[in-house]
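> What follows is each chain in one-letter form.
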Amino acid sequence: MNLKLVLRVVSRVMVLEAIAILLPMLVALLYRESPIPFALSSALLLVVGLLLARIPSKKHFYTREGFFSVGLIWLLTGIAGALPFYFSGEFASFVDCMFESYSGFTTTGASILTTIETHSKGILFWRSFTHWMGGMGVLVLVTAIVPSMGIRSHYLTQAETPGPVFSKLVPKQAQTSKILYQIYCVLTLAEVACLKLAGMPLYDAFIHSFSSAGTGGFSNRNISVGAYNSAAIELIITVFILLFSLNFALYFLLLTRRFREVLESDELRFFLGVVAVSTLLIAVNILPMYETIWQSLRYAVFQVASIISTTGFSSTDFALWPQFSQAILILLMFFGACAGSTGGGIKSSRILILLRSIRRELHRISHPNSVEVIKLDGKVLEEDTVRSVLSFVGCYMLILFLATLVISLDNFSFTVSFSSALTCLSNVGPGLEAVGPMGNFSAFSPLSKLVMSACMVIGRLEIMPILILFSPLAWKKV
Amino acid sequence: MKIVIVGNGKVGYTLAQQLVREEHDIVVVDTDESALRRASDALDVMGVRGNGVSASTLRDAGADEADLLISATDSDEVNMICCLTAKNLGTKYTIARIRNPEYANGVNDLRRILGIDMIINPENATAVEISRLLRFPSAANIETFCRGRVELMGFRLLAEDFLVGKPLRNLSSQVKKLSLLFCAVERDSDVIIPNGAFVPQAGDKLYLIGRPTSLDQFFHTLGRYTPSVKNVFIVGGGKISLYLAAILDKMKIKVKLVERNLERCRFISEELPHTTVLCGDGTDQEFLESERLPESDAFVALTDRDEDNLIISLYAMQQGLPKVIAKCNRQNYTSIARAIGLDSVISPKLITAQHILQVVRGMQNSQGSVMNALYRIADGAAEAMEFTVSPSTNYLGVSLRDLRLKPGILISVIVRGNQIIIPEGSTSLQANDNVIIISRNSGVLDLNDIYQSADAYNRSDLTEEAGGAQ
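First to last, the protein sequences are chains A and B. Reminder that position 282 of the first sequence reads as 282 in our numbering, one-by-one numbering, no gaps. Reminder that position 374 of the second sequence reads as 374 in our numbering, one-by-one numbering, no gaps.
Since the hints were made in silico from the structure, they are not lab data.
For lysine-lysine, the following DSS-like pairs were computed, each having C-alpha atoms within a straight-line distance of at most 30 Å:
1) B/256 <-> B/230
2) B/166 <-> B/176
3) B/10 <-> B/205
4) B/2 <-> B/87
5) B/256 <-> B/239
6) B/10 <-> A/379
7) B/92 <-> A/379
8) B/406 <-> B/166
9) B/250 <-> B/230
10) A/178 <-> B/92
11) B/2 <-> A/178
12) B/406 <-> B/2
13) B/239 <-> B/252
14) A/178 <-> A/4
15) B/87 <-> A/379
16) B/239 <-> B/254
17) B/230 <-> B/252
18) A/379 <-> B/2
These numbers were taken from a predicted model, which means no experiment stands behind them.
Bound-form chain A, shown alone (with noise of 0.2 Å):
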């Protein structure tokens, strides 16, 4: 393990997180706030970024390394956010920082403020911009804008980028993080300008519009999207979350005119295919709770949109639909957002890939000798791809009731410890009953806040990056 390449790559990191924790200053310099806990904070990671950046390191930097300091860079990277929300002075302790700045940069959106509202202004703003680092991946920043670091940086990318095939868009690592970031900056203010002629305050607008392009969900009202109880903005944000959940590199076929590959993009529709048919059934369930099929549908399809993109906003309380919608919406978090988007959960091309290899196995029943490939896009993946969704699975589904075994020590309903730890690990937000929107997670006890921390920073990884990191093999010099 070459300790001292991954901490240069850090101190990079650090150093870029200096220059954003800038950006909130900004924020809380215009409402007339103390900039204080901005300017501290990023004096502190300057220097801590300066001072790593002075370890001599020999080139030695392989896939080890690259996970390595993926999941390093995002345990520091949760840590430092943090440091904002605590010289503020406005969180009781520094687990509940962590575990804010955490679920900021995972994108998950769970909480444990109370009171939203009374907050100050730069330190929400600083909540939703982590998800929008977050959402597009830290590293995949610093690779666009950071010249060559001398290193193998797909790499970081690789390990930052959700899905079980990882792929460039162009030949060059440095070039595919531009344009993913110029897409997602485009994205972002097309998001803010819809809801400012929708209405919304420019400084809200900013502020959602950061939450759904990481498709993370904090809000800067306690009741999220519903305390503007308007359809236009649920309807903007529903197509922009929706929008941000798909795979980026189809943006890029589009731009490059090869619409053709787009259509014929298993997993988009297999995506859209399954926001359809949750949307209608939960519309059919809930329109007795409602005035008209339309009101229903409105809430069914925005709820739906925020829950399999994991952002986790919401319109309504749906913890307070009928059993059948809520399991609808458990399913759909862990079936999550698409491959190469800024979304969490198990991601639909896995869920593809798993539902076809079941397939196979049962064709293979019936026919003992047929041999038969698993085909996505058209393109044959190859087996160990197939073997890796099948562990990814299992993985999640092992540490999701490992999660949930510590959270029960809270002696809360199983509904909520399960839940929970699903939308943490999910990167979601919101769980059911008590961990509902329109609850929070504050209740917990330290311990289950910092496993739910690790569970979120697991599940926008995809566990690899972080298991390494506690694999006594990783540490070994040979």
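Since the structure of chain A is already known, use the hints to place chain B on it.
Only chain B this time, still in chain A's reference frame:
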């Protein structure tokens, strides 16, 4: 530039590695997923899985807007079709590797009919390289510029050579009179561009550039002159050996060729009537001795196993053969071989890559000064390039002592008309000169790249003296 490389074998990978370092956009196409993964794991390239002959695969790889496509799969036919398809899709320049000797005679027709811009035959290129080394056995390696009027050669310094331990500027007038220049020194895997104060040590590999006759005289003075080779002993009867034997035959050099496989021996004997073909195990020392190996002037090991080549080359060196050449494709063996005194190690894959690289470099500066030749010396740590000076080159007519060149750059030889000039402080560049530049940092694509930028021009005095005070 956008470059598509089809086939991620030895040559494909080496090329990708080098071209990525020069900041090109590389897409690698291969049918084998693991080969692709090896490339995209280690290099900043994009992998496209598929067969290079299929238009849709090539379109996926961006061949429709690529500047260059290099097809280096192990099948000649695939390479031809691939280039043909790519050319039709819109690739500007295509290079195919075609190695089958049966195609060798009709190569020019193939090129014309299929619209392939360049055909490279690694085995033939390697054989040409070896024959060059045999023509001038004193040097460990040798490159030519300006159609052979200037040569660059490297040789290892021994402890008893008179150069050792004295600064270059104190060399006897006899040496100074010769029109040659010490242009680079390889020491402990480091490359130094020497100036007058440089003190050579035993074990350094010196690179000399100059007029071939001057180089000859220099080696005479050094007492290292090896008379020209009259007979050569080749082990291994592969394609390279066949090409080489044919070339040597034209040079009236007697060839003994050892091959294990009887069928192959018969075939070689049919192709090369003047060559003595021996059927036997080339790694068997008794057999080699019985065939009078020690009496040969030169030994070339060309079996398909790197290890065998190195070991029998060592044996030949031990037998006191003046010139020993070994083929070795694996680069990490080369430094080990060098450590035990085996200097002439050649790698077909590097030679092929170098030929193609030269084309890529040439394409890049279609405007400005034209690069005529490019050689990578000292294991690729330095490059020797030949440019033709165009009127648009900066600082024409400014004497070299007033120029501020980037560090690690040396103007080694200027060829003006019939003159070969070893530059001094007062020399200046003129339009239509051919200059040979030695550079430690790759990235010199145009003659104007050798100058420091204008602001650095004023404050930096770090530049190494152009020409040197040798």
